[in-house]
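**Student:** Take a look at the letters that make up each chain.
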Amino acid sequence: MIMELETWLKQATRHLSSDSTAQVRIEIREHYESARESAMTTGATDCEADRLAVAALGNAKTANRQYRRVLLTSDEAGLLREANWEARAVCSRPWLKWMFLAIPLVALAAACALFLTGSTAVARVLLIGGIGMGILCAAPFLPIYTQSRARVFRPVKWVVLTGMLVLAFGADALKWSWLLSSCLWPMAWIEWTRISIRRKLPVAKWPKQLYL
Amino acid sequence: MNFRGTLPTLILEALEQEPSHGYRIAQRIKQRSEGVLDFKEGTLYPALHKLENDGLVESYEGVEKGRSRRYYRITKSGRGMLVKDRAEWRQLSRAVTLILEEA
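Listed in order, the protein sequences are those of chains A and B.
Heads up: the first sequence begins at 0 in numbering that gives the first Met the number 0, then just goes up one per residue.
Heads up: the second sequence begins at 0 in numbering that gives the first Met the number 0, then just goes up one per residue.
Accuracy of the hints is not assured; some may be wrong.
Just a few of them, taken from the derived set where beta-carbon distance is under 7 Å, the chain B residues facing chain A [claimed, not checked]:
| # | residue |
| --- | --- |
| 1 | S19 |
| 2 | G21 |
| 3 | Y22 |
| 4 | Q30 |
| 5 | K39 |
| 6 | E40 |
| 7 | G41 |
| 8 | P45 |
| 9 | H48 |
| 10 | K49 |
| 11 | R68 |
| 12 | Y70 |
Just so you know, the hints here were simulated from the structure itself, not pulled from any lab data.
Every residue gets a Cβ at the ideal spot worked out from N, C-alpha and C, and that includes glycine.
With the rest of the complex left out, here is chain A (with noise of 0.2 Å):
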């Protein structure tokens, strides 16, 4: 009957994180034992008390559903882990932080001087990239460690990335929609993801890009 409880596991814990799947079939074992001991003080034989503690799990189809509500997926768990790699290997060297805040500054300095000088063209590709690059690698920089600092920030990145866009594709948006949503996909991904964690994860447990 074990082997009834394995198949029960492997079904429930299905692509949940290594933590996450460690976490359930501790708890599910500890229910299944106390299940099990109960049932045999009531005169049940072995193998009846088994089988009476895995049919009181329920469906392990629908316990996946809803563990995967609550606890972080093996996807949820590899973006933290890249997020937590990419801070780590930029705040180990300080000289690629001052590169990050340095180069969207100097783009936006350049757009300015080069819009004053007439080349519109060059300055508004510079005015982009600069906005990109604040907006996406600056961002992690910025002292936005709090909810409410984070519920302004997160709709004023959106509203810039949007600006960009329209600033990038003008009236042709449109045209190139095809383009913009197969490369805005990854990133509308990641966002979907971070939505998903920060429903699962207690505040106090926040990495900094979650609030991002």
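Put chain B on the given structure of chain A with help from the hints.
**Tutor:** Relative to chain A, chain B alone:
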């Protein structure tokens, strides 16, 4: 019978009496409802995790019969939520009873 959406409230109600582990919470709900509320026990833990993420319950390691168990206890915000849920439930139940008795 399984009333959707009431499980978190029933868990909070069970934990208001005393801290407990998952199996005992499930048994308490079944016993107190005289077997009417018979939910599948595999869905109890996702509900407990949700309550924990929302700060309504907190968990800690305890020992029962020499075995390590994860215990849950209700927090101050959990008690507040329970008071609110009870009031809402009474209101809803009174309204439904009024309608059904009229028919």
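**Student:** Could you work out which of the previously given hints the structure breaks and list their numbers from low to high?
**Tutor:** Hints 1, 4, 12 contradicted; others consistent.
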